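Peer 1: What follows is each chain in one-letter form.
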Amino acid sequence: MDDFVNTFLDWDYISQVLPDLLKTGLLNTLILSVSSALIGTVLGMVLAVMGLSTKWWLRWPARVYTDIFRGLPAILTILLIGQGLGTLARDVVGTNPYPMGILALSLIAAAYIGEIFRSGIQSVDKGQLEASRALGMSYTKSMLLVIIPQGVRRVLPALVNQFIALVKDSSLVYVLGLLSGQRELFRIGQDLAANTGNLSPLVAAGVFFLVITVPLTHLVNYIDKKLRTGRKVRADEPGDGDELDLVASGKVGS
Amino acid sequence: MTTAVRSSSVELRDIHVSFGTLEVLRGVDLRVESGKTTCIIGPSGSGKSTLLRCVNRLQEPDSGDLLLDGESVIKADPDALRQRVGMVFQHFNLFGHRSVLDNIVLPLRSVKKLSKEEASAIARARLSDVGLADKAPYRPSALSGGQQQRVAIARALAMDPEVMLFDEATSALDPELVKGVLNLMAGLASRGLTLIVVTHEMGFARSVADEVAFMDAGRIVEQGPPAQLFDEPESPRLQRFLSQVL
Chain A
1 MDDFVNTFLD WDYISQVLPD LLKTGLLNTL ILSVSSALIG TVLGMVLAVM GLSTKWWLRW
61 PARVYTDIFR GLPAILTILL IGQGLGTLAR DVVGTNPYPM GILALSLIAA AYIGEIFRSG
121 IQSVDKGQLE ASRALGMSYT KSMLLVIIPQ GVRRVLPALV NQFIALVKDS SLVYVLGLLS
181 GQRELFRIGQ DLAANTGNLS PLVAAGVFFL VITVPLTHLV NYIDKKLRTG RKVRADEPGD
241 GDELDLVASG KVGS
Chain B
1001 MTTAVRSSSV ELRDIHVSFG TLEVLRGVDL RVESGKTTCI IGPSGSGKST LLRCVNRLQE
1061 PDSGDLLLDG ESVIKADPDA LRQRVGMVFQ HFNLFGHRSV LDNIVLPLRS VKKLSKEEAS
1121 AIARARLSDV GLADKAPYRP SALSGGQQQR VAIARALAMD PEVMLFDEAT SALDPELVKG
1181 VLNLMAGLAS RGLTLIVVTH EMGFARSVAD EVAFMDAGRI VEQGPPAQLF DEPESPRLQR
1241 FLSQVL
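In order, the protein sequence lines correspond to chains A and B. Residue numbers are given in the working numbering: position 19 of the first sequence equals residue 19, and the series is strictly consecutive. Residues are numbered in the working numbering as their position in the second sequence, beginning at 1, plus a constant of 1000.
Keep in mind that the hints were calculated from the coordinates and are not lab data. There could be a bad hint or two in this list.
[Said to hold, decoys possible] The list that follows gives simulated cross-link-like pairs (lysine to aspartate or glutamate, EDC-like), each with its CA atoms no further than 20 Å apart: (1) K126(A) / D1079(B); (2) K141(A) / D1079(B); (3) K55(A) / E1168(B); (4) K126(A) / E1060(B); (5) K1036(B) / D1174(B); (6) K126(A) / D1210(B); (7) K55(A) / D67(A); (8) K141(A) / D1077(B); (9) K1116(B) / D1160(B); (10) K1112(B) / E130(A).
[As the list claims (entries may be wrong)] From the derived model, a few chain A residues whose C-beta atoms are all more than 12 Å from chain B: (11) F8; (12) I39; (13) V64; (14) I68; (15) R70; (16) A74; (17) L85; (18) S119; (19) V124; (20) Q128; (21) N195; (22) F208.
[Unchecked claim] Label-pair restraints from in silico Cβ distances: (23) T140(A) / D1134(B): 31 to 37 Å; (24) R70(A) / K1075(B): 38 to 44 Å; (25) T140(A) / K1075(B): 38 to 44 Å; (26) R154(A) / P1236(B): 20 to 26 Å; (27) E1118(B) / N161(A): 38 to 44 Å; (28) S1128(B) / T54(A): 53 to 59 Å; (29) T140(A) / S1034(B): 31 to 37 Å; (30) G1045(B) / V64(A): 37 to 43 Å.
Just so we're clear, the structure is a prediction, and the values are computed from it rather than from any experiment. By construction, the Cβ of each residue, glycine as well, lies at the ideal position given by its N, Cα and C atoms.
Excised from the complex, chain A in its bound form (with noise of 0.2 Å):
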């Protein structure tokens, strides 16, 4: 028992490593994994949308996007963007890697996400289009305001899920060499369990990981429970939007 202790619970180690955890590797996996979330849901609905189009041109590179991104290892594309385009492109983007992590991790991101919001906008009824259609909206006012909304809202589980693999792959991008400042929550717990031989820093960082997915999965089964049970809402102000939208909806066209 002193053994595992010793092995994974040193506080020594643990206590040594907590400030940069706290102060410089929560930071850093939060700004990580939050802007290429961002950056990644963006882009993932332009790709849905791209591989919904009746256009073989926009449907065809969102395809074979997707296929790429989603086929490689991730610490492959982080390598080869984070180095490669740090290399090609240092007048314009300068030598630092950490935005190229996070266009790395971001076009990862993407292609999954782009794949998600597809089987959310395909699940939505026919009619619905054809409705709003029939109205008089255009394809492009039907899709915003009408299928992306509902389709969005049903794979919100579903986006949760990736944002929690994007938490955990932001770790990846130790790979590129980062400035002691820039260091995320793996790579701090690494280097000192690397300097002392001592695993604790490493469980210390686990920890500062699930206290960010944890709370997320649990979000996951929340969000399928309303979506399941069907909330009894109330919209009483018209125009109003739902705090379940992702999609800006009612601003179009007002």
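Given the coordinates of chain A, work out where chain B should sit on it, guided by the hints.
Peer 2: Okay, now just chain B, sitting in the frame of chain A:
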């Protein structure tokens, strides 16, 4: 429901539609005078719904012409055409993520560019026309099928259409809810709105329609006033059809 309506005549000329190798409409001509009601009856698969969907070009004909108020609109902007031609569907197709009121407000704002206040006022007026003013804040799913269909009719009417299309509007309703929707439709007909109604309700066709068209296998086989069609059917196909449904 006392507002004066502006209605238009509809004319379909030699409409052809094929799905792959299947010829669904084989040259259909239909004229509906302004303010009149035409019911389209016939067995399933005869092309009734496809024909109806050609009138607002949810289905684009392969060939043929479509005239609204005497003017060809087959090449016009379909969104502009659809503002003049309202449609009610078998499965209501209310927007499930919006309240009943918002279902009507949304197209008024996004298509007619009305302000929130104007749109709400119209929406509330149309809802009370169909007797559902108190349902404004609820989700469509909280309403019965008959109520949902009445909201769908209110939504279409709020756009101030010159023609209304009904695609088996009562087929998905429980029997006890059918009457309310049919009465509403009859009210529209008596107000002088042009109606084209695909229906299996022969009683409605007989009592409300000015003209009845019987379709079979992608053609209008017989057409005329309801009394003539129902009481003295000429074609054997219509006689057979009536003997099965009446």
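Peer 1: Beyond 12 Å from every Cβ of chain B: is that where the Cβ of F208(A) lies?
Peer 2: 37 Å, holds
Peer 1: Given the range 38 to 44 Å, decide if the beta-carbon distance of R70(A) to K1075(B) lies inside it.
Peer 2: Holds: the Cβ-Cβ distance is about 43 Å, inside 38 to 44 Å.
Peer 1: Given the hinted pair K1116(B) and D1160(B), is their Cα-Cα distance within 20 Å?
Peer 2: The given pair, whose Cα atoms are some 17 Å apart, holds under the 20 Å limit.
Peer 1: Does K1112(B) pair with E130(A) here, judged by a C-alpha cut-off of 20 Å?
Peer 2: Holds, because 18 Å separates the two Cα atoms, which is no more than 20 Å.
Peer 1: Given the hinted pair K126(A) and D1079(B), is their Cα-Cα distance within 20 Å?
Peer 2: 18 Å, holds
Peer 1: According to the definition I'm using, a residue is off the interface if its beta carbon is farther than 12 Å from all beta carbons of the partner; does R70(A) meet that for chain B?
Peer 2: 29 Å, holds
Peer 1: A cut-off of 12 Å on Cβ-Cβ distance, and L85(A) was said to be off the interface with chain B. Does that hold?
Peer 2: 40 Å, holds
Peer 1: If we take the beta carbon of I68(A), is the closest beta carbon in chain B still more than 12 Å away?
Peer 2: The assertion about I68(A) holds, with a minimum of 33 Å to chain B.
Peer 1: Would you assess whether V64(A), listed as outside the interface, keeps its beta-carbon beyond 12 Å of every beta-carbon in chain B?
Peer 2: 29 Å, holds
Peer 1: Checking a non-interface call: every C-beta of chain B should be farther than 12 Å from the C-beta of F8(A). Is that right?
Peer 2: 48 Å, holds
Peer 1: Check the non-interface label on A74(A): least C-beta distance to chain B beyond 12 Å or not.
Peer 2: Since the minimum Cβ distance to chain B is about 34 Å, A74(A) lies beyond 12 Å and the statement holds.
Peer 1: Can the suggested window of 38 to 44 Å be confirmed for the beta-carbon pair T140(A) and K1075(B)?
Peer 2: 21 Å, violated
Hints 3, 5, 6, 19, 20, 25, 26 and 28, counting from the list given before, are not met by this structure.
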